[in-house]
Amino acid sequence: MISGQFSKIDYPSFGETLFHKKYSNGFSAYFIKKKGFTKMFATIGTRYGSIDNCFSTSEETTPICVPDGIAHFLEHKLFEQKDSNVLQKFAALGANPNAYTSFDRTAYHFTCTENFYESFDILLEYVRNPYFTDDNVEKEKGIIAQEIDMYLDNPDWMGYFCFLRNLYQNHPIRLEIAGSKESIAKIDKELLYKCHNTFYNPSNMILVVAGDLEEDLVFSQIAKTIGSEESAPLKINRIIEKDSEVPFLKISKHKFDVGMPRFLAGYKESAGVVFGMDRAKREIGIKLLYSMILGRSSDLYEELYEEGLINGTISSEYMLEDDFSFSCISGDSIDAEKVVGKILQKIAMLKKNGLDNEVFQRVLKARKGRNLRSLDSVESFGGSFFKLIFNDCNLFEYFELYDKITIEYLEELLNNHFDESKFTLTKIEPL
Amino acid sequence: MFENNGCRVMLFENKKFKTNSISISMVSELQKETATQNALLLEVLGRGCELFSTSKEISVELEECFGANLASNVDKHGDKQVFGFSVSYPADEFVNANITKRLMTLMLNVIFKPNLREGLFVEDFFNQEKENLRQEIEGLKDDKKDYAHDRLLNCMFEGEPYSLCELGDLDTLEKLTNQDLYRHYKQLLKSVQIVVLLSGRFSNKIVEEFSVNLNDILERDIETQDLGKLALKTPREIFEKTEEFDVTQGKLEIGFTTETLPSSPDFIPLVVTNAIFGGGMQSKLFTVVREQESLAYYAVSAIDKFKGVMFAYAGIDLQHKQKAQELILSQLSKVQNGEISDFEFSASKKSIINSLRALGDSLLAEQSFYFNQLLTKSKLSIEEMISEISEIKIEEVVRVAKKIKPHTVYFMTEKTGVAL
Chain C
246 MISGQFSKID YPSFGETLFH KKYSNGFSAY FIKKKGFTKM FATIGTRYGS IDNCFSTSEE
306 TTPICVPDGI AHFLEHKLFE QKDSNVLQKF AALGANPNAY TSFDRTAYHF TCTENFYESF
366 DILLEYVRNP YFTDDNVEKE KGIIAQEIDM YLDNPDWMGY FCFLRNLYQN HPIRLEIAGS
426 KESIAKIDKE LLYKCHNTFY NPSNMILVVA GDLEEDLVFS QIAKTIGSEE SAPLKINRII
486 EKDSEVPFLK ISKHKFDVGM PRFLAGYKES AGVVFGMDRA KREIGIKLLY SMILGRSSDL
546 YEELYEEGLI NGTISSEYML EDDFSFSCIS GDSIDAEKVV GKILQKIAML KKNGLDNEVF
606 QRVLKARKGR NLRSLDSVES FGGSFFKLIF NDCNLFEYFE LYDKITIEYL EELLNNHFDE
666 SKFTLTKIEP L
Chain V
8 MFENNGCRVM LFENKKFKTN SISISMVSEL QKETATQNAL LLEVLGRGCE LFSTSKEISV
68 ELEECFGANL ASNVDKHGDK QVFGFSVSYP ADEFVNANIT KRLMTLMLNV IFKPNLREGL
128 FVEDFFNQEK ENLRQEIEGL KDDKKDYAHD RLLNCMFEGE PYSLCELGDL DTLEKLTNQD
188 LYRHYKQLLK SVQIVVLLSG RFSNKIVEEF SVNLNDILER DIETQDLGKL ALKTPREIFE
248 KTEEFDVTQG KLEIGFTTET LPSSPDFIPL VVTNAIFGGG MQSKLFTVVR EQESLAYYAV
308 SAIDKFKGVM FAYAGIDLQH KQKAQELILS QLSKVQNGEI SDFEFSASKK SIINSLRALG
368 DSLLAEQSFY FNQLLTKSKL SIEEMISEIS EIKIEEVVRV AKKIKPHTVY FMTEKTGVAL
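Heads up: the sequence lines are chains C and V, in that order.
First residue of the first sequence: 246, per this note's numbering; consecutive thereafter.
First residue of the second sequence: 8, per this note's numbering; consecutive thereafter.
By construction, these hints were calculated from the structure, which means they are not laboratory data.
Bear in mind the structure is a predicted one, so any value in this text is a computation, not a measurement.
Keep in mind that a hint or two might mislead.
Unchecked claim - Keeping only pairs whose Cα atoms sit at most 30 Å apart, straight-line, the calculated BS3-like set for lysine-lysine is: (1) C/K500 x V/K137; (2) C/K280 x C/K500; (3) C/K386 x V/K341; (4) C/K500 x V/K328; (5) C/K386 x V/K152; (6) C/K431 x V/K152; (7) C/K632 x C/K280; (8) V/K328 x V/K182; (9) C/K278 x V/K23; (10) V/K412 x V/K39; (11) C/K613 x V/K23; (12) C/K480 x C/K587; (13) V/K83 x V/K182.
Please model the complete structure; the sequences and the hints are all you need to start from.
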């Protein structure tokens, strides 16, 4: 249904309403109305992250490669404007801004409980208007060096990268998001402008707003700023080194100053095969399968726990993006090989005997209850909506997909994703 | 609020959310003799009860209750150890089922009707949880940023209850037997103060029923005690300690005494002082230590209201300890000398007000705010705090800031070679 210039979609089963508009310059904006909430949230982001370190565009066809960590560096530096610091402008309004860089996204957001539209103006303005100088770029290197060192002392983070380096031999997902002290030393203002001009094109960006706000005001403010910006959509060609279909290493061991040995294990998968709602469905399916295989109510979890092979912290995640895809199981264990052996054995058994419908129904019911509860936070729901919408999937439709998942579909996924030739194990051992 | 027999049942009605939450906490003195036992007890109770004899059966029941999330929590709030269970789940009317009642039954059963064998906890459960707790305590050093803070507390509160870890210690754990733990449990039930927080949508009838059930199950008759007695940390000459660990980055932690508890009229000015000094990106620590001097990625301060102390911490290059320490202390001196810009003053107040206003948007944040009010004997509501902060004068901030004194400086540095 079209209401004014933007479209409005009601989701009665969740009691929520979504507004959306796509602008002629390719920019997309979404607004989730959250009646009765005090907190207001807005986030704007771009399809640009740590893996985008070599690229060409429809305007500049010669590929260039930039120093590792530049997307994250750029995220830090955007907060500095010609005559002011953006953080202080937000602070003067009582708003709370932040930003993050992941493998393939950079996002800027703020939350507030008053002065929303003033803060919203700042957000829409600063991400489009960089101000880099030799001095301010140099100064940031000290701060980021400390951020890099902070991560070096964090075994959760370091362990995750050890796992990624097991999976991928050439792919830039191997690289630290913030880069290294050596790589950031090479960053200068010209490179930053180049990356900004390339990746911060409105056609590469998405905005999500959530809160008890007026849709007319939200969209009119966008129309006055980034929505009416005249810029031709830019075609970006990302040059990402191809990787083998199987993991680079089957197993690796690393030492850290930790109390208990840890492990990370999982399956590599070919990326760039499924898109949009099919991708969403696959993601839901794999997550449900993991709950069935080793969730807290599973036989396997009980067995591992009672044998003292895990101590409660075993978790699983699944990543399915344009350029990389894998699942990851992680936990603490004195005998990672034994844990992994039992997981593989259980998967083989399920492949042979099929899945239990009672377990499937129960896990599905639990997941739906949690989906419903996730609507209770303006900020985290807005953030999750934002992450998904980049893959052409809206979070309400994503939740509705749960009703369409069948046990047959899960059995198909079970045979397709859990391929032992694509399995890898990373062990983190105490010093 | 219902108050009887050492139990408080507090209801926070909130119809904005699709979630309900029930939390049952036990509040006892943080003591070396019992801290480990309380932490271990919680884990053993989570393993099974009369109605659901194993963790697996409990997990199945939680999934049947639309993915309810049961968590055990153990924490220290000043010299008190707070431990118990909480469960969050979709409110009944959104799932057309009476799961509130089911989950209340589950919670009471888990805490008060454990799975016993021959008058003791199931031996396997006891042994497994003892080993898991050992692993958890040993894992506390894994995250060096958090661990540096634990080490500061250990130095700053040496010989006091607050230096103890809320999970207990390895020596005590090593010696614990199933008999000891069960004896402790029976004793605890007779005397421990219990606080129940219900947030979301609850009918009066169900709250009343729950309160009666709780009272019946306890089979005791004790006084409901004041939980808000706090021990204020007193100042001393500054003490410095450096320890070596396997780190790349230095972790600097400074503890200050403020001589101000939440029940004091000086508390609100102290909250504003902290926001100006290091609480947020409008603060002096953020602006000077991070943005101007590029010494740190994080440089922040925070108040511990249960002890009347304040902390400042930063992750810095190993070579910059002295410089960072001097810079941090000089920023505090500036606040004490009234060198506070209009921007710093007004943005600091706004930042606190924003956080307070946002509390009402989170069931758990609001719940924990009021629980802390109970433990600190503070009477101010969120609205009253907001109005006090709006009206505060800069002179009050300066006066209260002048009471702040550095007490302990802790630095975690890299390991050097072994000297001969």
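Consistency of the hints with the structure:
1. Of the pairs offered as hints, the one joining C/K500 and V/K137 holds, with about 26 Å between alpha carbons and a cut-off of 30 Å not exceeded.
2. For a cut-off of 30 Å, the pair hint linking C/K280 to C/K500 is broken: about 50 Å separates their Cα positions.
3. For the hint pairing C/K386 with V/K341, the CA-to-CA distance comes to about 27 Å; that is within 30 Å, so the pair holds.
4. Annotation: proposed proximity of C/K500 to V/K328 holds, straight-line Cα distance about 27 Å (limit 30 Å).
5. A C-alpha spacing of about 21 Å is found between C/K386 and V/K152, which places the hinted pair at or below 30 Å, so the restraint holds.
6. Pair hint C/K431 plus V/K152 holds up; C-alpha atoms about 29 Å apart against a cutoff of 30 Å.
7. With a CA separation close to 22 Å, the supplied pair C/K632 and C/K280 stays within the 30 Å bound.
8. Between V/K328 and V/K182, the direct Cα distance comes to roughly 40 Å. Violation of the 30 Å bound is thereby established for this hinted pair.
9. A threshold of 30 Å between alpha carbons decides the hint, and for C/K278 with V/K23 the separation of about 14 Å falls inside it, so the pair holds.
10. Restraint check: the Cα-Cα separation between V/K412 and V/K39 comes to about 29 Å, which is no more than 30 Å; the hinted pair holds.
11. A distance of roughly 19 Å separates the Cα atoms of C/K613 and V/K23; the hinted pair therefore holds under the 30 Å criterion.
12. At most 30 Å may separate the alpha-carbon atoms for a hinted pair to count; C/K480 and C/K587 exceed this at roughly 47 Å.
13. Distance hint between V/K83 and V/K182 is fulfilled; the C-alpha atoms sit about 23 Å from each other, no more than 30 Å.
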